[in-house]
Structures are given as C-alpha cells and as structure tokens.
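J.: Chain by chain, the residues:
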Amino acid sequence: LAKTTQPISMDSYEGQEVNITCSHNNIATNDYITWYQQFPSQGPRFIIQGYKTKVTNEVASLFIPADRKSSTLSLPRVSLSDTAVYYCLVGGPLGDSGGYQKVTFGTGTKLQVIP
Amino acid sequence: NAGVTQTPKFQVLKTGQSMTLQCAQDMNHNSMYWYRQDPGMGLRLIYYSASEGTTDKGEVPNGYNVSRLNKREFSLRLESAAPSQTSVYFCASRTGDNEQFFGPGTRLTVL
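So the sequence lines, in the order shown, correspond to chains A and B.
Per the working numbering, the very first residue in the first sequence carries number 225; after that it's consecutive.
Per the working numbering, the very first residue in the second sequence carries number 3; after that it's consecutive.
Keep in mind that the hints are not guaranteed to be accurate.
Label pairs and their in silico Cβ distance ranges [unchecked claim]:
#, chain 1, residue 1, chain 2, residue 2, range
1, B, Glu75, A, Ala290, 39 to 45 angstroms
2, A, Lys227, B, Glu75, 30 to 36 angstroms
3, B, Gln19, A, Lys276, 46 to 52 angstroms
4, A, Arg301, B, Pro63, 40 to 46 angstroms
5, B, Gly5, A, Asp291, 47 to 53 angstroms
6, B, Asn64, A, Lys276, 34 to 40 angstroms
Here are the simulated EDC-like pairs of lysine to aspartate or glutamate, each with C-alpha atoms no more than 20 angstroms apart in a straight line [what the hints assert, rightly or not]:
#, chain 1, residue 1, chain 2, residue 2
7, A, Lys276, B, Glu101
8, A, Lys334, A, Asp235
9, B, Lys73, B, Glu101
10, B, Lys59, B, Glu81
11, A, Lys276, B, Asp99
12, B, Lys73, B, Glu54
13, B, Lys16, B, Glu81
14, B, Lys16, B, Asp40
15, A, Lys334, B, Asp58
16, A, Lys227, B, Glu61
17, A, Lys278, B, Glu101
18, B, Lys73, B, Asp58
19, A, Lys227, A, Glu241
20, A, Lys334, A, Glu241
21, A, Lys278, A, Glu241
22, A, Lys227, A, Asp291
23, A, Lys278, B, Asp99
24, B, Lys16, B, Asp28
If you are wondering where the hints come from, they were derived from the structure by calculation, not from laboratory data.
Note that this is a predicted model, so its numbers are computed, not measured.
Glycine included, every Cβ here is placed at the ideal spot set by N, Cα and C.
This is chain A alone, in the form it adopts within the complex (with noise of 0.2 angstroms):
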C-alpha cells in the first residue's frame, strides 16, 4: 500500500481558497488517488477523486503532477462549514468485478476555518 504524507493540520480565513498538498511517494501505475471529507462523529464523505493532470468536480479540484508523487486538494472560497479532517487515500484498481481495493487513512489534515 502507498504511504500518504498530509500536514497535520492547517488554517484558513473564510473566503480563502486552500491548498492540502499529500505526498505519495511509492504510488503504482495502478493506484488512484482519492480525497475524502469527515466531519466530527460523521463518516467519511468522498470529495474527489483522479489519476493524473486536473480533475474539478462542483467542491474542490484537484491537481496531480505528472510524476503522481504528490496530488494537491483545492478548495475555492472556503467556509465555516468546510471546517472537517481531510483524507488524502492512495489505491487501486478501479472496478468492482469482484476484485477488491484496500486503501490507508492517514491521521489526516485537520482544516480550521476562521471566520
């Protein structure tokens, strides 16, 4: 399994847009890599998800160089409600034919947002 490397935590002012950048260092050709959102005493919520390049989608971008040894979340504008733990999850493959994923969580990136 890829190891994942995040910052423990971070701060941001509302409006901001913020950067949580991951480290994967040993990711394989097949792997994705995925970014879930948890809130206090909530399971976790998928955010995104990619391969390589920019992928956006209608909460965040994100951005994965083309080496794939690091993938950058991106939230535009955040909010107080953006205030949550994100996990940066590195895995594959893709599909349910009966085949199976088995995935990390890390300790995460703990998000504050002030207002």
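Following the hints, complete the assembly by docking chain B onto the known chain A.
T.: This is chain B only, laid out in the frame that chain A set:
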C-alpha cells in the same frame, strides 16, 4: 435509498461480553468494509469483503470476526470485548468507481 445503515448507534459492554455490529447497504455494491476510528486518529481497516461469500483481513483484525451474510449485509462480531476495542466503528460499501459510502458509525465503549 437509505445508503449504508448501522446498528446499534451506541453500545456499552463489559469486558468479556460479546456483541455483533450490523451493517447493511441498499446500493447493490459488491465491496464492503469495516473500520475502527480511535479518538484523534484516522480510520483503520479491520476486515473487508470483496463480494458476497468472501472476507479478508485488514490492518487490525485481531479480536474480530465478520460475516458477509448476503450482498446487502456485512456484520462484525466481537467475541470477547476488551477495553482496547473502545472505538467508533464505521461500515462502508464501495462503488466500482472507487467511491466509498460510509454509515453513521457505532460508538462502542468497553468497560
């Protein structure tokens, strides 16, 4: 769709007691997972099931057993609870696109 449901939401056990945590999903997913999360920590995988009838150990399987009863249900059993098993337990199921859906969790305290 209810998504992933877990019962019970809270449980207090005495050391040595047994119990089963129930999990069900109505999204027709093949893969299901059990995690535990200790305070201030990330999630650690206990067991997973790639499909109905198959189960395999994750990172921290000791002290637990699982049953994939059918495609919908995946239960976690503690045969003889220990204080070290005090934790929040999350069940999840996974789509073919890699997205995991989590249940609301079971908060277990072992005295």
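J.: Now tell me if each hint is right for this structure.
T.: Against the structure, the hints come out as follows:
1. B/Glu75 with A/Ala290: 39 to 45 angstroms: holds, 43 angstroms
2. A/Lys227 with B/Glu75: 30 to 36 angstroms: Since the Cβ atoms of A/Lys227 and B/Glu75 sit about 33 angstroms apart, the hinted range of 30 to 36 angstroms holds.
3. B/Gln19 with A/Lys276: 46 to 52 angstroms: holds, 49 angstroms
4. A/Arg301 with B/Pro63: 40 to 46 angstroms: Once the Cβ atoms are compared, 42 angstroms apart, the range 40 to 46 angstroms for B/Pro63 and A/Arg301 holds.
5. B/Gly5 with A/Asp291: 47 to 53 angstroms: Because 37 angstroms falls outside the window, the suggested range is violated.
6. B/Asn64 with A/Lys276: 34 to 40 angstroms: holds, 38 angstroms
7. A/Lys276 with B/Glu101: holds, 17 angstroms
8. A/Lys334 with A/Asp235: Holds - the C-alpha atoms of A/Asp235 and A/Lys334 are around 8 angstroms apart, at most 20 angstroms.
9. B/Lys73 with B/Glu101: Holds, because 17 angstroms separates the two Cα atoms, which is no more than 20 angstroms.
10. B/Lys59 with B/Glu81: At roughly 16 angstroms apart (the allowed maximum being 20 angstroms), B/Glu81 and B/Lys59 satisfy the hint.
11. A/Lys276 with B/Asp99: holds, 15 angstroms
12. B/Lys73 with B/Glu54: This hinted pair holds, its Cα atoms lying about 5 angstroms apart.
13. B/Lys16 with B/Glu81: At roughly 12 angstroms apart (the allowed maximum being 20 angstroms), B/Glu81 and B/Lys16 satisfy the hint.
14. B/Lys16 with B/Asp40: Distance ~18 angstroms between B/Lys16 and B/Asp40 Cα, so the pair holds.
15. A/Lys334 with B/Asp58: violated, 31 angstroms
16. A/Lys227 with B/Glu61: It holds: about 14 angstroms lies between the C-alpha atoms, which stays within 20 angstroms.
17. A/Lys278 with B/Glu101: At roughly 18 angstroms apart (the allowed maximum being 20 angstroms), B/Glu101 and A/Lys278 satisfy the hint.
18. B/Lys73 with B/Asp58: holds, 15 angstroms
19. A/Lys227 with A/Glu241: violated, 26 angstroms
20. A/Lys334 with A/Glu241: holds, 15 angstroms
21. A/Lys278 with A/Glu241: Distance of about 16 angstroms is within 20 angstroms: holds.
22. A/Lys227 with A/Asp291: holds, 16 angstroms
23. A/Lys278 with B/Asp99: Measuring from Cα to Cα gives roughly 17 angstroms; hence the hint holds.
24. B/Lys16 with B/Asp28: violated, 33 angstroms
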